[in-house]
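Novice: So the chains spell out like this:
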Amino acid sequence: MSVAMSESITTNEYTDDLRYEIFNREFMPHIDSMYNFAFRLTMDEDDANDLVQDTYLKAFRFISSFEQGTNAKAWLFRILKNSFINDYRKKSKEPSKVDYQEVETTYNSEEASDTTYTVDLRADAVQELIGDEVANALNALPVDFRTVIILCDIEGFTYEEMAKILDIPIGTVRSRLHRARNLLKEKLKSYASSMGYDS
Amino acid sequence: MNASSHTPSVTEEAQKQTMKHSCDHHAECMKIIQSILDDEATEAEKDHFRENMDKCLPCIEAYRLEKCIKESLSLKLVKKPCPQSIMDTILSKVNS
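Chains F and E are the protein sequences, given in the same order.
So in my numbering, the last spot in the first sequence is 258, and the numbers never skip.
So in my numbering, the last spot in the second sequence is 1364, and the numbers never skip.
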């Protein structure tokens, strides 16, 4: 499996001491962000624990393809995302059939502009929502849409970093994010309505 | 309480009247608004934003909403620390 962020896979001959040093200095500080990413993808604590552990062990095994001074967080997120797709998505507890269908339908029109698309939701209504309600709205999104929002709005990755993490062009990052935010607004709207915040 | 804080001033009223109440290119504006908030806007998008965003009510509302959602996501969601046991397992496997 290739985990290099760059086009060509570079292999660095690190000494054992340096491998441990890089691991502790560059990788371990991101473990809380990685854990939260894993939890928001799998929505299950045990799966998140396994996913983070697998990702860090893979990162150590492939450490020679990590270039010192490059973006370790993006590199780790990319490995975690790939592990999730390859190993966890299949056994995910999400109602995947429905989700995949929804994702597929939405992807087919991903480049099509939704020109008249607006959700009747006010900023004041969103301000009233508590963290759990916002989290539930986010969790209700199909995983590919949830992912771009997590990467951009929670983790603060740039579009370019997201493109590398997700292996998609920047244009697709933009359009997927745009679509994800419209879906999120719909979910937030239904929470706001059920709480009576939108009247 | 000061009543004037609730009454729009004459200037504000005049400004409101010259404002657009509908936007003909809202979909395009939405993309620009998101680029601005994501700090990914091109110079052309920044120029468009500076020139138009104080004149168009739907765009001002949309900007407020997008900003509020983005801030809610980054500030309101609980961030759990990785369990110590997972960190211990990783470190012991790496060091073995």
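Treat the hints loosely; a few may be bogus.
To be verified - Here are some of the chain F residues that sit facing chain E, going by a computed Cβ distance under 10 Å:
| # | residue |
| --- | --- |
| 1 | N83 |
| 2 | S92 |
| 3 | R99 |
| 4 | M102 |
| 5 | L180 |
| 6 | Q186 |
Simulated from the structure, these hints should not be mistaken for lab results.
Every residue, glycine too, gets a C-beta built ideally from N, C-alpha and C.
Novice: Now tell me if each hint is right for this structure.
Specialist: Tested hints:
no.: 1; hint: N83; result: holds (8 Å)
no.: 2; hint: S92; result: holds (8 Å)
no.: 3; hint: R99; result: holds (9 Å)
no.: 4; hint: M102; result: violated (13 Å)
no.: 5; hint: L180; result: holds (6 Å)
no.: 6; hint: Q186; result: holds (6 Å)
Going through the hint list in order, the structure does not satisfy hint 4, though it satisfies all others.
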